[in-house]
Structures are given as C-alpha cells and as structure tokens.
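Colleague: Residue numbers (my numbering), protein chains in the order written: chain A, 1 to 343; chain B, 344 to 621; chain C, 622 to 929.
For each label pair, taking beta carbons as the anchor points, the in silico distance ranges come out as:
| no. | chain 1 | residue 1 | chain 2 | residue 2 | range |
| --- | --- | --- | --- | --- | --- |
| 1 | C | Pro740 | B | Tyr539 | 18 to 26 Å |
| 2 | B | Phe613 | A | Lys158 | 54 to 62 Å |
| 3 | B | Glu412 | C | Asp772 | 30 to 38 Å |
| 4 | A | Asp302 | C | Ala655 | 45 to 53 Å |
| 5 | A | Glu304 | C | Val666 | 52 to 60 Å |
| 6 | B | Trp421 | C | Arg919 | 44 to 52 Å |
| 7 | A | Leu306 | B | Trp421 | 34 to 42 Å |
| 8 | A | Val139 | C | Val666 | 51 to 59 Å |
| 9 | B | Asp392 | A | Lys158 | 29 to 37 Å |
| 10 | A | Glu304 | B | Asp392 | 17 to 25 Å |
| 11 | B | Gly453 | C | Leu833 | 41 to 49 Å |
| 12 | C | Thr641 | A | Pro327 | 57 to 65 Å |
No farther apart than 25 Å at their CA atoms in a straight line, the calculated lysine-lysine pairs in the BS3-like style are these:
| no. | chain 1 | residue 1 | chain 2 | residue 2 |
| --- | --- | --- | --- | --- |
| 13 | A | Lys324 | A | Lys85 |
| 14 | B | Lys362 | C | Lys850 |
| 15 | A | Lys85 | C | Lys671 |
| 16 | A | Lys110 | A | Lys269 |
| 17 | C | Lys850 | C | Lys739 |
| 18 | A | Lys269 | A | Lys43 |
| 19 | C | Lys788 | A | Lys158 |
| 20 | A | Lys46 | A | Lys269 |
| 21 | A | Lys110 | A | Lys324 |
| 22 | A | Lys201 | C | Lys879 |
| 23 | B | Lys484 | B | Lys425 |
| 24 | C | Lys739 | B | Lys362 |
| 25 | A | Lys43 | A | Lys97 |
| 26 | C | Lys850 | B | Lys368 |
| 27 | A | Lys269 | A | Lys97 |
| 28 | C | Lys739 | B | Lys368 |
| 29 | C | Lys878 | A | Lys201 |
| 30 | A | Lys110 | A | Lys97 |
| 31 | C | Lys879 | A | Lys158 |
| 32 | A | Lys324 | C | Lys671 |
| 33 | A | Lys85 | A | Lys110 |
| 34 | A | Lys158 | C | Lys878 |
Think of the hints as simulated: they come from the structure by calculation, not from any bench. Ideal placement from N, C-alpha and C gives every residue a C-beta, glycine not left out.
The residues making up each chain are set out below.
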Amino acid sequence: MTPTLKALTAATALALAGGAALAEGELNIYNWGNYTSPEMIEKFEKEFDVTVNLDGYDSNETMLAKVQAGNTGYDIVVPGDYMIKVMIGEGLLAEVKPNEMENFENVDPKWVDVWWDPGRNYSIPYQWGTTSFTVDTAVYDGDINTLALMFDPPEVLKGRINMLNDMNDVINAGLRYLGYGRCNGNEDEMREVLEMLLEAKQHWRTMDYSTIEKLTSGDVDLSQNWNGAAMRARMQRPTLQYAYPKEGFTGWMDNVAVLADAPNMENAKLFINFMMDPENAAMTSNFARYANGIQGSDQYMDEEMLSAPEIVMPADAPAPDFVKPCPQEVVDLYNKVWTRLKQ
Amino acid sequence: MAETSVPTPRRAPRARDLKAMPGFKTIGWACIFALYMPLAVLIIFSFNDNRSVVKWTEFSLRWYEAALENDGIRNAAWVSVKVAAVATIFSTIAATMAALATTRTAAFRGQGLAYGIINQPLMIPEIVTAISTLSLFSLVKQATGVTGIGYLMAAHTAFCIPFAFMPIRARLEDMTLTLEQAGADLYATPWQSFRYITLPLLMPGILAGAMLAFVVSLDDVIITLMVAGPGETTLPIFILGALRRGITPEINAVSTVLVAVSVILVIALFLVQGRMKK
Amino acid sequence: MTAATLTQAQIEERRRTRRTRRALLAPALIIIVAISVLPLGITFVYSFLKPGTYGGVIWEFSTDAYVQFLFERDIFDGTLQFNDSYLTIFMRSIGLAFGATVGALILGFPTAYFIATKPREQRNLWLFLITLPFWTNLLIRTYAMLLILRDEGMINLTLMGVGVIEKPLSILYTDTAVFIGLIYTYLPFMVLPLYASLEKLDFRLVEAGYDLYANRWRVLRHIITPVAKPGIIAGCILVFIPGLGAYITPALLGGGKKLMIGNMIAIQFGSSRNWPFGSAAALILMALVVIALLIYARAAGKGARAHG
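Looking at chain A on its own, in the form it has when it is part of the complex:
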C-alpha cells in the first residue's frame, strides 16, 4: 500500500506542477464550445510559435461568472454583444485598441461604431447571426414570415413546435409579436405577454437548445433557431426553411476581446490582429457556419455559405434587432414572467 501511496502523491504533485509550467509562448482561449476552427488555431500556433489552450463555455453568463471571480488564466474571450458592454462597464476587458492595429482596415465599417463598443477600442467582430425560426415547408405551406406560427400556430403545427429554452429569446419574440418594445418594464404589457405565452405554450412540444436534433429527428416541424443551426438542419432535412418574420427578429454578434488580467497579453494582441485577416476570419466562418464582419473574407469562404438563404438575408427582410442589456428591474420582471410560464 505504501509504495502505491507514494507513487500517487508523486503523480499528484506532478499534475499540480504541470499547469504552472510552460508559461512561455502560450495563449489561453475561452470561447463558446465547438465554435473555434481547429485549422485556424493550428495556423496561429505555427505562425507565431505559440501553444494554444482552447476551452469552451456554454453561455455568456458562465463565462462572466468565471471572469468576475478573477484569476481564470484565460487571455481571450468571445462575449456576445450585450456582454461586451457589461464587461467593459465592469472593467473586465483590456483596452487593446484593435482600431490601431494593422488589420483593422479589413473590418466592415458597419461593425465599427456599434453600441456595445463604439469605435472598437476593446473588441473585434468574430461571428454574427440572427435568431428566428425554422419551419418545414412540406408540413406548412403558407407564409412563414410571421411570428404567429410560434404564438398562434395553424392546426398542422400544433404540438410540433420547439422553442429555445432561453428567457430573453422567448420573451423578446413575444414582445415583437405583440408590438411592444424591448427591455420592457411596463407591467401591464408584460402581463399581456405572459398570458399570450401561456396560451401559446399549450401548442409547444419542447423548449430546448438542441434545435438541430429536434428538427432532424422529426420530433418537431418548427423550431426557434439560430441561422447557422438552421443551415445545418436544412442539410439533413431539405424542406426546412428559415423565416425572416415581418415583426422583426434578434441579431447578435460575438466579439473577440482580451481580458484585463490576461497572463499572455502580447500573444493575445497578436491573436486579435490575426483574427482580422480575411483568410482567418473565413476559416472561422467555414467551421462555425456564421457570417464574420471582415471584408474580403468571401473569396475564402465555402460556396454553400455564400448562397445560403440563412446567411445571406433577403433584401426585403427587416433589419435584425441587436438587443441591449436590460436594467435590473426589467430582468426581475422577465424572471417572474419566465418562472410563471414554466412553473
């Protein structure tokens, strides 16, 4: 027993030391899971002789909680639009001035003066997309560009609907359907939203994030969805179509940023500049299946990406709505509506 114990102690000591060593030439990236192109990472490692550690998170909030606690050891994070705003406000991001970097000229001007980081002093575009829904046109052949399909569904779609299990996505869609504003603190309007959602919920089958499985397995014929996921689902079920509802839909952008306490600051800056290169941005898009905000990346992109109706928005679709973070009272109110809805 004793030799075994000794060996164990030695092994643990080694394992403990392992993480602390090798600090030279590293870059620790914390991105959404399965969202980073391995080829792109390999290219970066080769070009700059840096070892990259890549880990994934499942939500902006998980990432925020870890970063707020401090000492994560990560250099690069990829927060969504509203989360960039929150993190800048909380002083969690380093002001690395991407706008003064060499490759900044490639950033599409329409993504420079954004409300979450005006002038791009902290972050650069990573991927952007929309959150709307997908319908099987073989099941329902009417006009699909209306939120009524989710909230007041026709007979054929009743009991065949999946919603995202996300407070903001569901409530925002409900607000648009009733024509009310986002970040809504009006209690009467929110009560109306709750009643409408409760009524609609009877016709929903599930509320789940795994939209691709739900659609391709045939469990549902309509699912609230992100455009990239919609494209992947269509590859397996060709009659699916992504809707651009006339009432509006959510737009979002994930952005590459550097943490204020990044241990490898110089490598992180190199990475920011690297990500604004059109070829590298295209590698990301080809893997993650969303659009990037870098001009000139089209020539490196897969053919199917350039023609996909999920990625290339039709000219007559409404502009995507990038929702700002709401004040605490509104979040509390949303939380009450959500709890009631799912009680």
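Assemble the complex: chain A is given as a structure, and chains B and C must be docked to it using the hints.
Modeller: Leaving out everything else, chains B and C in the frame of chain A:
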C-alpha cells in the same frame, strides 16, 4: 480481489435454490438489459455515416477517424479519465477511513455532525457549490499564485467522498468486531488486523464505493465548468459546449472507445486474477 | 490490581480510540470542509445580500431573497402577495425524485440480491457490468434514451410488434419519460450500496428461516431486509438527493417546458442575475432535505428500539 477469511460453509444443493427469491432473477436480468439498451444505441450510432446522433443512415467509420484527429475531444477524454482516477483514489481512501472511524467504535459525541459534514456535498445543488467554490478558489489562487489541474481534482475528490462513503459504511454497519478481537487476542497489531481481517471483509464495499465515485466524477458538468482552468476541459464540458451547435457521432465514437478500453482492462484483470489463484 | 489502575487503563484505551478516530476522520472532513462547507458559508452570506447588476452580489444586508421565495412584491400592484410558483416547482421536483427513489428501490433490490447470490468469484464482474454503461457520458446516454422512448422508438416498436398496443404510446417529453430517465440514471446509486450490505448476508439464516417453516415473504421481510437496511437507507439517500437537483435528464427527456429546482436555481446564477435568490433557494432546499433526514432518522431509531 482478496478472499475473506470467513469460512464459507458448504451448502447442500437444495440451499442454492432456497436463496433465490421468485422473480428477482427476472428483474435482475431485465435491469441489466435496460441498462445496456442505451449503451447499445450509443455504440450503434457511433458507426452512423450521417452527422446525426438521432437518425440512422449507413455504416461508416468516419466518426472514429474524426475523433482521432480531433485534439479537443482527445484531450477532453484524457483530462476526464485523469481527474476521475485521481478523485476516485483519494475520495475512496478518505471515505474508507471515515467509515471505519464512524462504525468500528461505539457511538461518540459529534458522530452526527461528522455524518452531516461528510454528506454535505450531496445536500446542495451543484450550481451553488460550483459558484461558491469558484469564488473560494479564486481567492486561493490570488493568495498563493498556484494554478493547475489540482484545483479541479480537489473539487472532484470532495463531491466524490459521500458517494464512496455510503456503500462502505453500509457494508461496515452491524458488522461484528468478533474477528478483529480474535485477531487482537492472537497478538496481531492493529495494522495487521486491519490489513488481514477488516480490509478483506470491507472490500466489496470499497469496490462499490470506488465505482460510484468514478462514475460520478466522470459525469460531472456544473462544478467542472466553473472550476476548470485553461486546458482542463473534460468530456462532459466539451459535450455541453457542443450541444447548442449539434452533437455529432464523434462523441459516441469516443465514448465507445472508452467503454471498449475499460472492458479490455477489466477482462485482463480478471484473467490475471484467475491465473494467480491457480 | 486495583480498581483505580483498571480505570486508568480504560481511560488510556479510550484516549487511544479517540485519537485513532480523529486521525481516520481527518482527511475526509478536511477535504469536505475546505472545498464544500466553506463555500456553503459563502452561499449563506450571499443569500442575505442584494443582487449585483450583472450577477454577483452587492454587500448590503437584505432578506428579500427569502421573502421572494413565497411572496412577490411588484408585478401587479406592489403589495406582498402569496406566490406559489416556486413552491410548485419544489413540489414537482420532490415528487419526481421520490418516485424515482421508490422505482429504483423496487428494481434495484432484486438486482442487488441477484448479484449477491452469485458465486463469490463472479460478483465483482457483475458489479462492473452494472456500472459499465455509466462510464459513458450522461448527455450522450440521455440522447440514446430519447431514441428508445420516441414515438417510433424501440419501446413502441416492440410493444406494437408484440401486439400489446396499436398506436404508439406518447412517452417522450412527458413526466413519465423523466421518471424513467431518473430511475435509469440513478439505478447504480441504489444497486451498489444495496449490494454492499446484502453481500454480507449469511445465507444459513435464510435456510434456518425456511427450516422454521417461514414462507419466502416472511424470510424476505424478517431475515433479508434487516440485513439490507443500511444499504436501503444509503441507496435511497443517494438517489433522492441528487434526483432533486437533477436537471439534464428532466430538461432533455421532459422537453424542458417545466422548471425543476435544479434549473430554477441555475438560472438565478445565469440570465436572471440574482445570486442571492439562487443561494436562498438552495439553502431552503438543503434545509428541507436535512429536516426530512432527521425525521427519518428519529423514526428509524424508534422503530429499531421497538423491535429490540
């Protein structure tokens, strides 16, 4: 595994039938069958040509190739096994010691409190432990400057202890002290009587506890998600991240490989043991 | 030898026992206190603070988190009103966890007994067989369950093939699916402790029971169950408590339309940005569990005494 020193009486053939309870055998087999059904489905889908884990098309090995090439998945599987192994060993040792302390002697003051503390990780939803452990570890990192996978292993060890403790204690409870006393009468040192009497008697409980701890560590999502540092993604975290963007049968392929490797290891172990007995 | 020296020896003996006991308990207690109880203290403090704007806490004393559990203040008219949302969620989770515990016991007891009556050299192999499916990831296993429970899944195809039913049973995305899923997920947590205690059953007692003309039921009730009791208790605790906090299984198999305690608390630390309420709800849950265990322990203690 070591034989116990309890003399097993030779039973009349009649006795074996008497032990059986009506229907128990059927339920036992049915349970094992039910437990293996999802595993079978999982393995079948690892050979699916389609990128779906829910719809079968045709046989292919492409996901095994993909998994082999995918550094992320391979690393995650390796980290998972490493953390689970360390957590299992340490938690089982600690749990065995604690179980001995709480059962081999007469009831003592503070026994209830000791139970309560040992079972505490069970009592509270993981997310809460996860968030507060995160705050605590961050402070420790700040104060000591030490980083690394040790934190993750320590966190796993903590929540594995009650899972290992329960079966071991259940085993020890009501077990008489007669044999140990006999040993003591024969001038065995406490260590000898533990090594040659108590430990063999306890072994089924320890094994059950260790297996539970291993399974629990291997499956943990929430605490790992919060505590893991750079390069410490485990398989469940990898899968969780992939969930929104669609799981591919690569994960099934990795799981199948893990199962196959453990089956081979265990069969080898049994063969070696069988040979040693002869 | 005088009485006094005897006592001296006894005191010495007792002291040694105490030292050993402390040394044996130390590793487990130190690890858990450092990594789990201390954080629990943090949780306790959080539950009496105010929520930070973007998660986290503001260091101001407040009992709002506890009030919010049963009452709501402002959604409609600003007065305190009784609100059953959270209670409903708690009751649903408790019901499902309890059902899963009973189900796992009904299936797990015979299985553990079945293994314990196998020849000694085979038992470890059987234990391994029980745990092996669980070496794969829970999420992936749950996806496999989806396939089995689906309308055109294996259960329905088999039942229809045999002719038991004509139309497929709608199991997936219902409470039944969650119930089946929870039993499946936690079955080994029941079987392993049960096995650990049943394995020490001396089957000569069973034989003796039959010799005294007891029937199988009486043997099971009066000879086998008392031996298995520590295992039953351990198993029930290991299924019930994790079952309460479970959320992957309910979310995937139940369709995610209803909240469970686990999800409800988790979203407080996520999109709802209310850490104090999440902490308070978790502590209330823990208090309920502890109270249930205490009541149980007292009842069990009385029962044992009455028996003796």
